[in-house]
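Undergrad: Now for the letters of each chain:
Number of protein chains: 2
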Amino acid sequence: MKVSELGEFGLIERLTEVLAAENDGVAPERLLVGIGDDAAVWRNDTSATVATTDTLVADVHFLPGRTPWRDVGWKSIAVNVSDIAAMGCWPNFALITLGLPADIESDDMEELYAGVGEAAKNYGVTVTGGDVVRAPVVFVSVVLTGRAELDDDGQARVLLRSGAKAGDKIAVTGSLGAAAAGLRVLLRGGGESEDEQELIDRHQRPDARVEAGTTALDLGIRCGIDISDGLLRDLAHVCQASDVGANIQSEQLPIDSALKQVFEPAQALALAAGGGEDYELLLVGEETLLEELGEQIDVPLTVIGEITADDAHRVRLLTASGQGIELPSEGWDHLA
Amino acid sequence: MKVSELGEFGLIERLTEVLAAENDGVAPERLLVGIGDDAAVWRNDTSATVATTDTLVADVHFLPGRTPWRDVGWKSIAVNVSDIAAMGCWPNFALITLGLPADIESDDMEELYAGVGEAAKNYGVTVTGGDVVRAPVVFVSVVLTGRAELDDDGQARVLLRSGAKAGDKIAVTGSLGAAAAGLRVLLRGGGESEDEQELIDRHQRPDARVEAGTTALDLGIRCGIDISDGLLRDLAHVCQASDVGANIQSEQLPIDSALKQVFEPAQALALAAGGGEDYELLLVGEETLLEELGEQIDVPLTVIGEITADDAHRVRLLTASGQGIELPSEGWDHLA
Numbered sequence: 001m002k003v004s005e006l007g008e009f010g011l012i013e014r015l016t017e018v019l020a021a022e023n024d025g026v027a028p029e030r031l032l033v034g035i036g037d038d039a040a041v042w043r044n045d046t047s048a049t050v051a052t053t054d055t056l057v058a059d060v061h062f063l064p065g066r067t068p069w070r071d072v073g074w075k076s077i078a079v080n081v082s083d084i085a086a087m088g089c090w091p092n093f094a095l096i097t098l099g100l101p102a103d104i105e106s107d108d109m110e111e112l113y114a115g116v117g118e119a120a121k122n123y124g125v126t127v128t129g130g131d132v133v134r135a136p137v138v139f140v141s142v143v144l145t146g147r148a149e150l151d152d153d154g155q156a157r158v159l160l161r162s163g164a165k166a167g168d169k170i171a172v173t174g175s176l177g178a179a180a181a182g183l184r185v186l187l188r189g190g191g192e193s194e195d196e197q198e199l200i201d202r203h204q205r206p207d208a209r210v211e212a213g214t215t216a217l218d219l220g221i222r223c224g225i226d227i228s229d230g231l232l233r234d235l236a237h238v239c240q241a242s243d244v245g246a247n248i249q250s251e252q253l254p255i256d257s258a259l260k261q262v263f264e265p266a267q268a269l270a271l272a273a274g275g276g277e278d279y280e281l282l283l284v285g286e287e288t289l290l291e292e293l294g295e296q297i298d299v300p301l302t303v304i305g306e307i308t309a310d311d312a313h314r315v316r317l318l319t320a321s322g323q324g325i326e327l328p329s330e331g332w333d334h335l336a
Numbered sequence: 001m002k003v004s005e006l007g008e009f010g011l012i013e014r015l016t017e018v019l020a021a022e023n024d025g026v027a028p029e030r031l032l033v034g035i036g037d038d039a040a041v042w043r044n045d046t047s048a049t050v051a052t053t054d055t056l057v058a059d060v061h062f063l064p065g066r067t068p069w070r071d072v073g074w075k076s077i078a079v080n081v082s083d084i085a086a087m088g089c090w091p092n093f094a095l096i097t098l099g100l101p102a103d104i105e106s107d108d109m110e111e112l113y114a115g116v117g118e119a120a121k122n123y124g125v126t127v128t129g130g131d132v133v134r135a136p137v138v139f140v141s142v143v144l145t146g147r148a149e150l151d152d153d154g155q156a157r158v159l160l161r162s163g164a165k166a167g168d169k170i171a172v173t174g175s176l177g178a179a180a181a182g183l184r185v186l187l188r189g190g191g192e193s194e195d196e197q198e199l200i201d202r203h204q205r206p207d208a209r210v211e212a213g214t215t216a217l218d219l220g221i222r223c224g225i226d227i228s229d230g231l232l233r234d235l236a237h238v239c240q241a242s243d244v245g246a247n248i249q250s251e252q253l254p255i256d257s258a259l260k261q262v263f264e265p266a267q268a269l270a271l272a273a274g275g276g277e278d279y280e281l282l283l284v285g286e287e288t289l290l291e292e293l294g295e296q297i298d299v300p301l302t303v304i305g306e307i308t309a310d311d312a313h314r315v316r317l318l319t320a321s322g323q324g325i326e327l328p329s330e331g332w333d334h335l336a
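So the sequence lines, in the order shown, correspond to chains A and B. Using this note's numbering, the first residue of the first sequence is number 1, and each one after it goes up by one. Using this note's numbering, the first residue of the second sequence is number 1, and each one after it goes up by one.
In short, the hints are calculated from the structure, not lab data. Treat the hints loosely; a few may be bogus.
[As the list claims (entries may be wrong)] Where chain B lies over chain A, by a calculated footprint (3+ residues, C-beta under 8 Å):
{"id": "1", "region": "55-68"}
{"id": "2", "region": "119-130"}
{"id": "3", "region": "136-145"}
{"id": "4", "region": "248-262"}
[As the list claims (entries may be wrong)] With the C-beta cut set under 8 Å, the calculated list includes, among others, these residues of chain A facing chain B:
{"id": "5", "residue": "Leu-6"}
{"id": "6", "residue": "Val-18"}
{"id": "7", "residue": "Leu-19"}
{"id": "8", "residue": "Glu-22"}
{"id": "9", "residue": "Ala-27"}
{"id": "10", "residue": "Pro-28"}
{"id": "11", "residue": "Ala-40"}
{"id": "12", "residue": "Asn-44"}
{"id": "13", "residue": "Thr-49"}
{"id": "14", "residue": "Leu-95"}
{"id": "15", "residue": "Thr-97"}
{"id": "16", "residue": "Leu-289"}
{"id": "17", "residue": "Glu-292"}
Everything numeric in this text was worked out from a predicted model, so none of it was measured. All residues carry an ideal CB built from backbone N, CA and C; glycine is no exception.
Between the sequences and the hints, there should be enough to build the whole structure, so can you do that?
TA: Rendered as structure tokens:
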């Protein structure tokens, strides 16, 4: 079977099974969070390491010639920082692998690294080393670690996908849909208006919500994920991991204002609910905690729905009158 | 300028400068070993994390259709374990990025992961997660961490490239040249004889010398590197980092026995001294310590030369009568 038929998540499931079979299913006692959350977590002596990896491939995740190399470098760091933020942690050390064809210009790669350095400085990340390899197209693969505290019982104090309970409220940072809209503007050759340029920027230079994630954790919130695959899809990951369902109020969604200027209302809703790469945080917890969080952080926080008791793990997008809305599938399956 | 004109090490130097400029050259106090050794090292609370990354790209580092997928998976872990071993440490946690075209067979990727799992079990590595991305060719990128103890002054107790002193002896584990010879046998379509098959195996399923590295560190040896680019080239890295030179006695080199059966003596010497991907360890230290090490480990250890006081950092390959031998350039520049 081709991996395109299995899809990204089907393949990951199979590969995880193969690994478990070879290892006889034994995971060491120090591994606190394994495959299946925004980042892995393992215990050191008196704290824990949080680690994640994300890769950008030319012609898959960015368009050489249209995306400035500096932005590719920035984004390669920012998307990884977003995963660490989604665990409620601060990032610290990175390793970078750069794949490149032998005939690429050194200046372009130096621009890419300037973007890496700019983002590293912005988020307090130290690049500790890496690897340069020849490859048919440029790719940049980043591994990023962060630090988590341990609870009294030796478990890591982090935001998990599995921390949602029926009755919890669901909130998102910032605005939704701009990055996916920016990609569409880029692909159709747009970008003349200020709104269109704003959307392109949001696609090429996403911002990771570290302050929101770490503050949420400090306040006692224990469930979060970053929105990389699209709101509904990432919320579905939470529902599956937590064995719950979710209702989202469509009129509450913080649809990006530039997006609303450039796209029709139905398209704007579809991009906000289903478009990927926003890198906003989705946080789940008690209403009072989310209210307190909203007051403490600089970025807007909007409550958009509620967790339900539902062992079928349904995620429903509802109108104000409670009717279900069907959206065209807009999530990212990176292998489809 | 094309990166092929700069070469791998020229490019890495430039990218490192770009990063330093963006970061204003500030490295945090917790970073103990940065860019330029076999692995990076940073301090946790009471120990240190050692981290490395290495990537295998189809048609660059392996040949789809000729290299079994299981061996690609094995090697992707083993080459990273070798870097951790070269720091004198045990490996523990890995993250894996798998790049693949959408039309590749899932069975092949499962075989690759079976090899990953086999190697992980063999070396005591736990795969904690990773990423699957679409790419024009298959690549597998592994990040591996290990653990180091701290000295009383808060520095990491590891093997460094910068630890060589004039008068130290130079030793290597195992035998040299088999992996590079195996690649040549593979490329010319050989592999019928037992010796040829042995060489191919050594290229496709290298073994990392964790016992030798960790025992060396325990004995008080403080300088090591793994032989991935070729003996002379990797020794040159040590000489540059330690501000010394080196003399190697060609007749002392433990040239692989299968290699001597398949290739002419001059070629065998060139492959042993210059061929890459042996993943043996090169260890530098006092003669008595190296002798003690040789007695304690299961793999053969051979003294092949001596560190010299030489601020030009020359690495000389000498005959028994002390004459210099010039070899064709056989090191690996991955961008050339």
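Undergrad: Hint by hint, which ones does the structure fall short of?
TA: 4, 16, 17
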